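A.B. asks: Taken in sequence, the protein lines are chains A and B. Numbering follows my numbering, with no gaps: position 229 of the first sequence is 229. Numbering follows my numbering, with no gaps: position 393 of the second sequence is 393.
What the hints contain is simulated information worked out from the structure, not anything from laboratory work. Among the hints, a few may not be true.
[Claimed, not checked] Computed cross-link-like contacts, DMTMM-like style, restricted to lysine to aspartate or glutamate with a CA-CA straight-line distance of at most 25 Å: (1) A:K302 to A:E244; (2) A:K302 to B:E244; (3) B:K374 to B:E244; (4) B:K302 to A:D127; (5) A:K302 to B:E56; (6) B:K302 to A:D55; (7) A:K374 to B:E56; (8) A:K114 to A:E34; (9) A:K374 to A:D171; (10) B:K302 to A:E56.
Here the structure is a predicted model, which means the values were calculated and not measured.
Protein chains: 2
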Amino acid sequence: MPFSFILEAQDTGSAARAGRMVAGAAPGTAGVREVPTPAFMPVGTAGSVKTLTPDELRAAGCDILLANTYHLSLRPGVDTVRRMGGLHEFMGWPGAILTDSGGFQVMSLSPLRKVTDAGVEFRSHLDGSRAVLTPEDAVRIQDALGADIAMSLDELVEAGAAAPAVREAVDRTLDWAARGLAERERLRGAGRGTMALFGINQGGADPAERRRCFERLGELPFDGFALGGLWVGEGRTLGLDMVEHDCGAFPSDRPRYLMGVGHPVDVIEAVARGADLFDCVLPTRNARRGTVFISTGRLVVKNAVYAHDPRPLDPACDCYTCRRFSRAYLRHLFAAGELLGMRLASIHAVHHMLQLVRRAREAILAGCFAAFRKQSLEAFRSGDTIVPAPPSGDGPRAPTSKRRTTGAGLERPARA
Amino acid sequence: MPFSFILEAQDTGSAARAGRMVAGAAPGTAGVREVPTPAFMPVGTAGSVKTLTPDELRAAGCDILLANTYHLSLRPGVDTVRRMGGLHEFMGWPGAILTDSGGFQVMSLSPLRKVTDAGVEFRSHLDGSRAVLTPEDAVRIQDALGADIAMSLDELVEAGAAAPAVREAVDRTLDWAARGLAERERLRGAGRGTMALFGINQGGADPAERRRCFERLGELPFDGFALGGLWVGEGRTLGLDMVEHDCGAFPSDRPRYLMGVGHPVDVIEAVARGADLFDCVLPTRNARRGTVFISTGRLVVKNAVYAHDPRPLDPACDCYTCRRFSRAYLRHLFAAGELLGMRLASIHAVHHMLQLVRRAREAILAGCFAAFRKQSLEAFRSGDTIVPAPPSGDGPRAPTSKRRTTGAGLERPARA
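When you get a sec, could you build the whole thing from the sequences and use the hints?
C.D. replies: Structure, rendered in structure tokens:
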């Protein structure tokens, strides 16, 4: 069964929409994988969403995750993943997987890389070995990994790149897009290549170049389209303008993937402009460092002000971490360098983003997206509860004798 | 309700026994905590069994864990733990908790310590601050942490210490034991001190000194007795001789705790000699470094020979890790430095030890401990499955082209 996208609802007051991606079962894998949109993809760089099990991702509401082709190709290698039954089987993940093309990681991690019309030449950041990644390689590798959705190889330019460089990157991206599609056709002729393939729109923050790129990209039979080259330093306002611009040009019957965006405010605003799919390492990377997004802002739980705070990370959250543990405990775990702290914060971080897009979807379906958008953004900007706990009254170094009789007053409130 | 120990069965062919510790509910905590014995305690040094949640410990069959008084006193501090409702509430652990006295950690971790009759003077290994730990402090601190079972402060000597040093340590341990009990009585007079208190037998590897120690220790109203000063370099044979000797002297109506022992062979042999309770960081510390005990020996899963091994860590194990993931995946996680590898290996390590003591208990109750002991030891020494997977036939670096058509043959076998 081929990949499909069903548009389920369109908001009337904005470009926000709710849909459903259905990924056909790949050979040797079980069943069809459905992804309601808007959707957020936690990032499983090297075959695991750092610190988390597949069951924790499922419990947090995850339907699809992103895995990095570049990392997996270098280690454990595509051959190992294939021999172990493909990426789903290897990592024990029953949901959908989107793989990137590897192009972005080559550009950002390799100590040496050279872009030619043929492809990208680079050195491994692990052992320095030299390799070439062509648009055809990118498609073949993602097929071998067993991705449900593969990405076309594109060329990126940095924010503020000169017009000729942007133009050249657009031309090359378009050429590579066609070559990637041709390679998938070849694979399909050999009984493989069942995965969806998404094209990536480029052109930086230049609306004319992005339009020129999509005029040709949109003619190609991609299963979805991605917004590339954004959130690389151009700023939120300009970035969101580009999202509005691209989504206005993209066909409504195919999913739209805004790459590398995961700040709650950005996600809400991009959904309002018509984006369906997101990924970002930010929530989980921050979490491992002791900072999480909660419904009312950004909480640095490793800070000493939370040493005696009996509240959960987010009183409005029902994730495992927030149902079971206090800020005081998490603060202690980070202070003591306990890995459980990273885990518990990551569980919240993933759950928070997944619930945010789920609630956006429900609001779109219920016809109240405008209210959801306003309330979510207001709450996020409020900073509520991101202050020391009020009941304690004294500092974290209060003498034991003073506290002995008041412990009961600090009990964590019962939670539903 | 006070602490109690019920002896449920005594093996006829050895000194092995099955029992049940019942810890009375401490003020502010919920319900009674039961611990069937023999029991193994995972170590939660700083308020977490490294990388694991309370639910994972429960799922592995854990009824009781050990927490380190020294670490928790320094960070987050006893005051914080009390203010947050005690250690159970703080770390979200509903089962029983045994705390050590802090004495062993002071001796092994502090950069400077001086033992006098009064107690131990030491510097914090975290900030160098100077502190004194007396037998009374040890009991007060463990009470404040909310332990179900507290340990008396004892003095350790190193393996091979001269006879006068051993004698002096025994005398001091006996003096401190009486002072600790008196302090608990004082606490009980003030409505606290509900926890059980265990005395620790010392005397190194000298049977006469251990007997002399217990002649006085055994007269004191401790709720249980521990075997101290063993597995510090004296060797397994001598260590097990001391276990046999001590357990022969200890009263049968109180639990016996062999401190710091967690190698599967040691645990089985010590159970056969009458020990009821064990703790050790070895299984989980090894696991975080990529080595686990399985039923057939010691598996170094991070080794390259497992790169394509589709089998679980232990084909005979039903832990979460063994039900869901292959050695190949775990090997990859360790090679890539992914924290999930530490977690999954830790889950297996804890589960393996807990199931080992549970099976020993079931065998004692069923009257077939001799057969269990023989089979377990034979299996552990067999080394079965601790070799590269047979179906593959070629090394982990086989070229892709050779493997493409044989992937199906490498599928992991279905598991119950």
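A.B. asks: So, for every hint listed, does it hold in this structure?
C.D. replies: Structure-based check of all given hints:
no., hint, in the structure
1, A:K302 to A:E244, "violated (37 Å)"
2, A:K302 to B:E244, "violated (48 Å)"
3, B:K374 to B:E244, "holds (18 Å)"
4, B:K302 to A:D127, "holds (19 Å)"
5, A:K302 to B:E56, "holds (24 Å)"
6, B:K302 to A:D55, "holds (23 Å)"
7, A:K374 to B:E56, "violated (39 Å)"
8, A:K114 to A:E34, "violated (38 Å)"
9, A:K374 to A:D171, "violated (40 Å)"
10, B:K302 to A:E56, "holds (24 Å)"
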